[in-house]
Amino acid sequence: MTTVLYLSRTVEIESTLADPSDLWVTPDDLTRVNDFVLKPEGACLDDLCVPVNQEFDSDLVVTRGAIKWFSLTGFAALMGQEFVVDRDTDTWSFGSIPITRSSYIQQAVAPDFTLPDRDGNPISLKDFRGRKVMILSWASW
Amino acid sequence: MGGENFEIIAVAEDTEGEAVAGKFYDAAKATYTTLIDTQHTLSSLYGMVNVPTGVLIDEEGTVVRFDEGAYSRMYKAGALEFGSDEYLPIVKDWLINGADSPYVKPAGELSALVAKRTASEAKADAAFRLGSFFELRGDEERAKKYWQQAQQLHPESWNYHRQDWSYDPAEAGAKWIQKFRALDGKPYYEPLALPESSGGQN
Numbered sequence: 630m631t632t633v634l635y636l637s638r639t640v641e642i643e644s645t646l647a648d649p650s651d652l653w654v655t656p657d658d659l660t661r662v663n664d665f666v667l668k669p670e671g672a673c674l675d676d677l678c679v680p681v682n683q684e685f686d687s688d689l690v691v692t693r694g695a696i697k698w699f700s701l702t703g704f705a706a707l708m709g710q711e712f713v714v715d716r717d718t719d720t721w722s723f724g725s726i727p728i729t730r731s732s733y734i735q736q737a738v739a740p741d742f743t744l745p746d747r748d749g750n751p752i753s754l755k756d757f758r759g760r761k762v763m764i765l766s767w768a769s770w
Numbered sequence: 071m072g073g074e075n076f077e078i079i080a081v082a083e084d085t086e087g088e089a090v091a092g093k094f095y096d097a098a099k100a101t102y103t104t105l106i107d108t109q110h111t112l113s114s115l116y117g118m119v120n121v122p123t124g125v126l127i128d129e130e131g132t133v134v135r136f137d138e139g140a141y142s143r144m145y146k147a148g149a150l151e152f153g154s155d156e157y158l159p160i161v162k163d164w165l166i167n168g169a170d171s172p173y174v175k176p177a178g179e180l181s182a183l184v185a186k187r188t189a190s191e192a193k194a195d196a197a198f199r200l201g202s203f204f205e206l207r208g209d210e211e212r213a214k215k216y217w218q219q220a221q222q223l224h225p226e227s228w229n230y231h232r233q234d235w236s237y238d239p240a241e242a243g244a245k246w247i248q249k250f251r252a253l254d255g256k257p258y259y260e261p262l263a264l265p266e267s268s269g270g271q272n
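Protein chains in written order, with this note's numbering: chain A, 630 to 770; chain B, 71 to 272.
By construction, these hints were calculated from the structure, which means they are not laboratory data. Being a predicted model, the structure only gives us computed values, none of them experimental. C-beta atoms are modelled at their ideal positions from N, C-alpha and C, and glycine is treated no differently. Treat the hints loosely; a few may be bogus.
In silico DSSO-like pairs for lysine-lysine, Cα to Cα no more than 27 Å straight-line [claimed, not checked]:
#1 Lys761/A to Lys99/B
#2 Lys175/B to Lys755/A
#3 Lys215/B to Lys193/B
#4 Lys175/B to Lys761/A
#5 Lys162/B to Lys761/A
#6 Lys193/B to Lys214/B
#7 Lys245/B to Lys93/B
#8 Lys214/B to Lys245/B
#9 Lys193/B to Lys249/B
#10 Lys215/B to Lys245/B
#11 Lys162/B to Lys175/B
#12 Lys99/B to Lys162/B
#13 Lys99/B to Lys755/A
#14 Lys668/A to Lys697/A
#15 Lys755/A to Lys162/B
#16 Lys249/B to Lys215/B
#17 Lys162/B to Lys214/B
#18 Lys245/B to Lys193/B
Derived list of chain A stretches under chain B, where covered just means 3 residues or more per stretch with a C-beta under 8 Å from a C-beta of chain B [as the list claims (entries may be wrong)]:
#19 636 to 649
#20 693 to 704
#21 708 to 714
#22 731 to 739
#23 750 to 762
Some chain A residues near chain B, calculated using beta-carbon distances under 7 Å [unchecked claim]:
#24 Cys678
#25 Val679
#26 Leu744
#27 Pro745
#28 Asp746
#29 Arg747
#30 Ser766
#31 Ala768
#32 Ser769
#33 Trp770
One chain only, chain A, in its complex shape (with noise of 0.2 Å):
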C-alpha cells in the first residue's frame, strides 16, 4: 500500500506500476491525490491545463496494457513541485504545487481550506463569504 500526502489530504492508493524511483499511479488516483483531472487536453484543475501527450510514453504518462498511468513525480518535477519519501513505509508527502499559490501571491486571493471544528464538523473559509474573517493560529505549545 502507498500512501500520498498532500495538503491536508492523506489518500491510500491500493495499486501503482513497479518503478525503483517514480512514483506512478491511476489518472483517476491524481485526482484523488490533488484534484488534477488528466483529459485529452492535458492534466486540468479548474481553467488551468498542463499539456500532457498520451500519445507516447513520457515522463509523464506510460501505457501498459489498456491501463494508463501518471506520474506524480514526474509532475512535480516539471510543476517544481517539492516532496520527501519514505521509501521504508512507501510513503510520499508532496509540497503545494507553485503555480496554484499564484492567486494568493500576486492577487492576495485568501487560499481555502477546510479543517474540522471541535466537534470533528468541517468547516470551510469559503463559508464565511460576505462577511469580514480575522484568521488567527495560535498552539498549545
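Chain A is fixed; fit chain B onto it per the hints.
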C-alpha cells in the same frame, strides 16, 4: 469583537489536536469559530512561520493584512520581549473603515510578505507534513527524523521547532531561549507595519 459581519476563526496548529488545544478554547470560553489543525495545513497554505499569526480577509475573500506576532499584548521574559499590543486597534479600525482603513495593504505589498518560499522551504513543508503523519501514527522515530529534516531545510520556521520541542517539555524553554538569542538583533516577528497617521512606531 465578532458580530454579523465579522467572524474570528481561531486555528490550533497542534499535532495532538483537541486533546491539547481544547482546554485553551474552554478557558477562553470561545464563542468564535474554533478549528483544529493537526497537520499545520493553515501555516503551510499561507506561509506562516510562527504563532500567533493574524490574517485579515475582506468580504470578497481577499487578504488585506498578514501579520506574524498578532498578540494582543507584549510579553516579557526577563530581558526578552516579544509580541505586540498594537494588533487589536488595527483590527478595530479595519472593521469600522473597511477598504478605507489605513491598515489595509495593497496586494503587491502582501505578496512581498508571503512570497518568500524557496525550494528548500517548500521541501521543508513536505518533510514536516511527513513527520506529523508518523507522529500521529505513533512512529516517533520517523516523526523525529522528518521533523528534524524540516528544521534543517527551513531553520527560520519557529513552528517546526516549537511543535517538535513540545514533545520534550523539559528542554523546550532552554531551546527557545537559545534560538531566540541566536536571532542576534533580528526581530522574533517582523514589526507590525503601522501607517504614519496612527502615531505608531515600528
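A quick look at each hint next to the structure:
no. : hint                 : result
1   : Lys761/A to Lys99/B  : holds (22 Å)
2   : Lys175/B to Lys755/A : holds (21 Å)
3   : Lys215/B to Lys193/B : holds (14 Å)
4   : Lys175/B to Lys761/A : holds (15 Å)
5   : Lys162/B to Lys761/A : holds (12 Å)
6   : Lys193/B to Lys214/B : holds (16 Å)
7   : Lys245/B to Lys93/B  : holds (25 Å)
8   : Lys214/B to Lys245/B : holds (16 Å)
9   : Lys193/B to Lys249/B : holds (22 Å)
10  : Lys215/B to Lys245/B : holds (18 Å)
11  : Lys162/B to Lys175/B : holds (15 Å)
12  : Lys99/B to Lys162/B  : holds (21 Å)
13  : Lys99/B to Lys755/A  : holds (25 Å)
14  : Lys668/A to Lys697/A : holds (12 Å)
15  : Lys755/A to Lys162/B : holds (22 Å)
16  : Lys249/B to Lys215/B : holds (20 Å)
17  : Lys162/B to Lys214/B : violated (41 Å)
18  : Lys245/B to Lys193/B : holds (24 Å)
19  : 636 to 649           : holds (count 3)
20  : 693 to 704           : violated (count 0)
21  : 708 to 714           : holds (count 5)
22  : 731 to 739           : holds (count 7)
23  : 750 to 762           : holds (count 9)
24  : Cys678               : violated (23 Å)
25  : Val679               : violated (18 Å)
26  : Leu744               : holds (4 Å)
27  : Pro745               : holds (5 Å)
28  : Asp746               : holds (6 Å)
29  : Arg747               : holds (6 Å)
30  : Ser766               : holds (5 Å)
31  : Ala768               : holds (4 Å)
32  : Ser769               : holds (4 Å)
33  : Trp770               : holds (4 Å)
When the structure is compared with the earlier hints, violations turn up for hints 17, 20, 24 and 25 and for no others.
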